[in-house]
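Chains A and B, in that order, are what the protein sequence lines are. Under the numbering used here, the residue at position 72 of the first sequence is numbered 72, and the numbers go up by one with no gaps. One gets the numbering used here by counting positions in the second sequence from 1 and adding 1000 to each.
You may find that some hints are simply not true.
To be verified - Below are the PhoX-like pairs computed for lysine-lysine, each with C-alpha atoms no more than 25 Å apart in a straight line: (1) A:Lys42 <-> B:Lys1261; (2) B:Lys1496 <-> B:Lys1062; (3) B:Lys1393 <-> B:Lys1457; (4) B:Lys1234 <-> B:Lys1159; (5) B:Lys1261 <-> A:Lys5; (6) B:Lys1159 <-> B:Lys1197.
Rather than coming from a laboratory, the hints here were simulated on the basis of the structure.
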Amino acid sequence: MTLDKTPIGSAVRIVSIEGSDILTLRLMEMGMVPGAPARVIKSAPLGDPIQICLGDYHLALRRNEARTITVALSD
Amino acid sequence: MSAATETLSGTRLHSSWSRDLRQPLTVAVAGNPNTGKTSLFNTLTGLRQKVANYPGVTVESKLGQWSVATDCLVRVIDLPGLYSLEATSLDEQIARDVLLGHAAKIAKPDVVIVTVDATNLTRNLYLATQVIETGLPLVVALTMFDLAERSKLRIDVQKLSDFLGVQVVPVAAKRRRGIDELGQAVLSAAAAGSREKPNWSFSIPNQNGAPSLSDLSPESWQELLTARYRWLEKVVAESTKNDKTQQPNISERIDAFVTHKFLGPLILAVVMLLIFQTIFSWANLPMNLIDHVFSALGAGLRTHSPPGILTDLLVDGVIAGVGGVLVFLPQILLLFLFITLLEDSGYMARAAFLMDRLMRAFGLHGKAFVPLLSSFACAVPGIMATRTIENPKDRVATIMIAPFMSCSARLPVYTLMIGAFFSGQKVLGFISLGAAMILGMYLLGIGVAIIVAWILKHTFLNAPSPPFMMELPPYRMPNLANVAHTLLARVGVFLKQAGTVIMAISILMWVLVTFPRASATVAGSDHAIQVENSYAGRAGRVIEPLIAPLGFDWKIGIALISSFAARETVISTLAIVYKVGDDSGTESTSLVAAMRNARRADGSHIWTPLVALSLMVFFVLACQCMSTVAIVRRETNSWRWPLFMVSYMLVLAYVASLITYQGGRLIGLG
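Next up, chain B with everything else stripped away, as it sits in the complex (with noise of 0.2 Å):
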């Protein structure tokens, strides 16, 4: 054990309270999927928590501090949910090697909270008799028991207590029902120091460190299973009484509704069209808020400071730049509450069973539907969520097309480019050409992914159907607590990114189209001469043959580049080039007024619906995103699979787009 249960154990209990603990105990939450344990962690930690990455391991794992006592803090660990220490999913092997130390650079923890929900007792408990088998010091977290008593379940706690050897405490983490009593069982824990293993006859024989029934014939871990199950189910028997007058169970009635036959689907496709609705017009208001905000605040800069090089740095590098990212956080935190509070409803597991027939034509896997859907607000959290599928092929095969969902970032780069060409007009009449172009992006980011997927499965990611099996949590009211701090993470690391890659990239860009200055006389009076001659500027001149098929001209090209990093630089990436971010009026406004004016040598617009067109396909195709790249390396733990995405995205979306524009001019267009 480690040396602070060695400091505290032999001490009583409540003089070990006062004392100062220089190392603090580390207490990890573990249990299944669905069992309030984030609520129990959130209601432990409060606000002391954050979402840490460990280092050389994809552990993304919740921490935070609890104070047990006035003066007794304890770092908790948040576990990914698991069924059994026979790990089949990443989730599960990231939980089950914190949990028996086996994580590279994580100590094994000091004591484990097992959550139990109460109202699903046997199977809760076939996880919590695996971790009672470590020997680990441990609590049982009895939650939901508000549910249990609701539904007239009456627990028998000591005796379930006696059953599993192991402290037993009853908790409603909304109503902080409980916490209390965990933290005295936690310390008393930790005191105690490691247990005996218990001697049951269903466990695994001889077993050194870590048991794994995989070891065993398959007739005696069969056998070894059931017999652990007629167990827990005599545990739950003795140990509960049950009053309920068999009432209908309430989420088998709104399924009755929810995956209908035929209301199934309908409802899916109307919750889609809500979020995209909302998201395009609630979204609208604080976006010109932000957008307001930071144009003030560029052209308040540019009056009150002296002219020069560092003002020109703060408010066409920083400030267009930053300001230009940050417009989004509205869009992006209306998108994580809608998946936030669909997964927590447990609606998430239904789409995904309305949608397994469908997904596997493809070769993909029911659960890939809720990956798929958060890539819609951005891939890293929706490649993050695909460890849940057990298939590692059909995992990799689910990371491949996830960035071919249209995420936030491409969002602004539709809106400028209709806003700039295709405002005002309307098909058959009534629907604006606008947001029938925007669906069209979707869908065709959509299709293609789904004939990617079709060829990666049929090719080198070829593996039989997997199985699919799945758990249809009961429908839930929602955790406001949960989404509001699911909320905060997702701003912080958006946040975050925009205070540094983005403010950097900016800042980059900035220098590359400022520097070499032209010439003393005309830099600062002739703009478009400046940017030419910069090194962005020769760079773009560089890749101008191989994008001019494109449509696209220097000054496009020089946006294509600095987008690779992160698409939504492209926007200020033309706003530093057409130097723009220096307006009175809104950004957005002035640069397309800006695209619309400019013109080649001979007098062409450059920019054409077409060209607009062009951009947005390449756009929905390309992989222009530093974040997802890092994300699939470290998810696959290789280089091979993110420079694969980067290399055939690219060229697919260069072939996509070039058929769009030299189709276009074919017909006539542009």
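Excised from the complex, chain A in its bound form (with noise of 0.2 Å):
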């Protein structure tokens, strides 16, 4: 499952993340690392972009960047 289609309140662990650009590197960087725990917060209101807790901080990123990204549900 990919994190754009993460249904909203669900806890995950990150799986991979596809790519090798800028972004995927400032992506790790800020913790959008394999294994690390997120949770879907909510999507803005005109539906993009969405709102992801991740680790201890909550991040905002279009469901564009979140395909690239993914998860696995945890529990």
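Both chains come to you apart, so use the hints to assemble them.
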């Protein structure tokens, strides 16, 4: 499952992140690494971007970028 | 290492305190955005700080002095926030270059203080480990320590320090907790000099100088990065103990309202309305006060000094000119107050979150929302705020449209025109026409900005939709000391400009209107003839054929020419042209009367409501601000963009003004 398709409110673990560009690098530097716990909080009123709780902080991300992140539901 | 560190090394710490430091230490404060970095900087330096521009580089960095001990002063640099040394935005590049000593003309810091948010350890430590790897003398300041304690997070500082191999000092900047300890740690780090680089398995192998992951293959950097996070997670797990019983996150509960599907946009609209309402109503009282003070000053000077050219210069040139501009100070203060409060509380990021989808429709980035909103105060800080936008094309597009946001310098122009020609009228029976027109001017600017952004993004700033990734920092009570510091700095910049650029233009305009003297007998007795024959009058005459289709005569032409340096000078120039600066009443009322009475040779009114409207439209769209041109030149590092901006905005302003005036005449207005 990719992060953009993950239902609001689900707790997940990051499995992998696709791509090798500067965005992927930055996402990983901000903690979006395999194994990291995350939670999908909500989407903005117009449906995009989405708000993710990653570790100890919150991150806004467009669905386009969220599509590159594969996650697995935790528990 | 620098000379200062060399002289320090080898001496005992406590003896080094009392010694005379001829070359003071330079300490850089670096850290992730929103980690209390600026709070810490303000606590360390107090009021001994200034916003400085380094020569040759686009760094607006805050410098301050910190008295670590009774006779030990340290220079402190507050760097822009950064997440990683792999810089992706201009702000981050600046911070990285200063840290690594790559910034032109800025010495490498002797000691780095890395702020690490105690409530968000893992991600903050990522940057800290990167800086540790550079071998720079370094101290970790554990900020927000009080917040962490309150949420029952217990941190074993010694253990953390052992893992990292550097000193870790918990601080609570607001309460001045840990500041003395931080000072000691900085001095001992300086005395110890450069450290041995740590031997971590996830460090980039064989690095020379700046470590860069981008030199490696994607597989290897992904592996190294993941390994670093694994290690950081272990460090955090072993050095913290979390007693908190999974209490609901306060920020999430606030977000339930603030970014709610329906409530969110509503709250945003109310916040923006409230800001503008406040600026228009609250600012009036202090503005009138300043206006009266300067009028009284001019009148007083006129009566108590001998008549002559020097008195004229002081009253009509300096006092009328500078006073006319200082009047905006209350509005500028209020606008910056709101923007700083929204920024510091964490609301701005939510606004960007709400607006991103809409902004993207015009080819812009959600992060452009903050700079554009700031541009309603002044385009200069707005344009500087675009540094957080990573994609250069997006950044330039945002810079290009920022001056369309009606800044506080346009307000007095609108106010004057509306006061003179549209006051006391109502639309639909209850809305004041003036308020509706001001709103209309703001909307005109926003509408044109959207169209221009769309065109730019579909022509030569064409680029794929940029990634949007932004931290939504926890809501925090704005630190009043920080807000006060920001406001003081902004007021300083504004006063400096009023005291230099605007005073110079006022004097220049006065000279151009006063010379050459018409003739000894006429001069002074007939002001109209004097102005007409002056240098400015001749220049106005020259451009009159060009601006006549917009409804402007040569006197308005003079004001237009002067306003290209700074919009607000249009009023002081009109005051000088109509010679109303020394009237006993307030300047604006007398200027209004003079404008209403001004007539052409055939007896028709020069100023009509339609002319005023045409002038307002021109002021919405034209880029009449030297400071904006200068900042665009600095931020884009070329003359191409500022020149393009001035020209296309001038063409737009001319065409829109022409349509307004000629169209208005066609339908029988004016």
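Going down the list of hints, with the structure as the test:
1. At roughly 10 Å between alpha-carbon atoms, A:Lys42 and B:Lys1261 fall within 25 Å of each other, so this suggested pair holds.
2. For a cut-off of 25 Å, the pair hint linking B:Lys1496 to B:Lys1062 stands: about 17 Å separates their Cα positions.
3. Our distance criterion of 25 Å between C-alpha atoms is met by B:Lys1393 and B:Lys1457, whose separation comes to about 8 Å.
4. A hinted pair counts as satisfied when its Cα atoms are at most 25 Å apart, and B:Lys1234 with B:Lys1159 qualifies at roughly 12 Å.
5. Note on B:Lys1261 and A:Lys5: the hinted pairing holds, with a Cα-Cα distance of about 19 Å set against a maximum of 25 Å.
6. Between the alpha carbons of B:Lys1159 and B:Lys1197 the distance comes to roughly 19 Å, so the proposed pair stays at or under 25 Å and holds.
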